[in-house]
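The chain contents come next:
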Amino acid sequence: GAGVSQSPRYKVAKRGQDVALRCDPISGHVSLFWYQQALGQGPEFLTYFQNEAQLDKSGLPSDRFFAERPEGSVSTLKIQRTQQEDSAVYLCASSLYQAGATNTDTQYFGPGTRLTVL
Amino acid sequence: AQSVAQPEDQVNVAEGNPLTVKCTYSVSGNPYLFWYVQYPNRGLQFLLKYITGDNLVKGSYGFEAEFNKSQTSFHLKKPSALVSDSALYFCAVRVFVYNQGGKLIFGQGTELSVKP
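Note that the protein sequences, when read in sequence, are chains U and A.
Sequential numbering from 518 applies to the first sequence in the working numbering.
Sequential numbering from 1119 applies to the second sequence in the working numbering.
Derived by calculation from the structure, the hints in this document are not laboratory data.
Warning: the hint list may mix true and false statements.
Computed footprint of chain U on chain A; a stretch qualifies when at least three of its residues, placed anywhere within it, have a C-beta under 8 Å from a C-beta of chain U [as the list claims (entries may be wrong)]: (1) 1153 to 1167; (2) 1175 to 1189; (3) 1221 to 1233.
Yeah, the Cβ is synthetic: ideal placement off N, Cα and C, and Gly gets one too.
Assemble the whole structure, with the sequences as input and the hints as a guide.
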């Protein structure tokens, strides 16, 4: 079946612009994660959704970052007033089950959106 | 704090030779460990995971990983490298907080280069 898809694949923004990044998870997947990958680094966690509920937003770097998943499927990561330090690849991942203390299912990643802020 | 270390930024191997990509971890409780591979301009592709049981885990594309609890390591291995294995490899540990999901903590990545 189809994997995780993300759009756009590339986004160039001028400093101060708002951007919206979209993630389509694998159909039926309950859990959805956003990660940020800076150049030459490993991905870093941003936020987590279980269906439409945002249960963990501890990784969001500032209040300029906002994520939503209103119907428990597609998710959007919005960055307001972009700064140069926001330049990175934004990765979305989904997994089948809700994440609990004993849950060990695999996160499947999309291709990412490369954001460049000029 | 939970963490993952990949001590080598780059590993160079000749095609046909065995390869090892190293990973060590620091977690409280049972470790749930993963390996992912990233090709240029692509997302992360899942290779394998260790949850419990046999210390030798077999995964996709002929890769395997050995879990060593005493050395807190989870090294990725392949008996015979292919040029097409050249990519960026990430080790990750899954972190659980009740009702807050199971985020992954990644290492810095290791660039594997396989030469013909």
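Hints versus structure:
1. Residue count for the region 1153 to 1167 of chain A with a Cβ under 8 Å from a Cβ of chain U: 8. That meets the three needed, and the coverage hint holds.
2. Coverage of the region 1175 to 1189 of chain A by chain U is violated [criterion: at least 3 residues with CB-CB distance below 8 Å; count 0].
3. Interface restraint, the region 1221 to 1233 of chain A with chain U: holds (7 residues with C-beta to C-beta distance below 8 Å; minimum three).
The structure fails to meet hint 2 from the earlier list, while all remaining hints are met.
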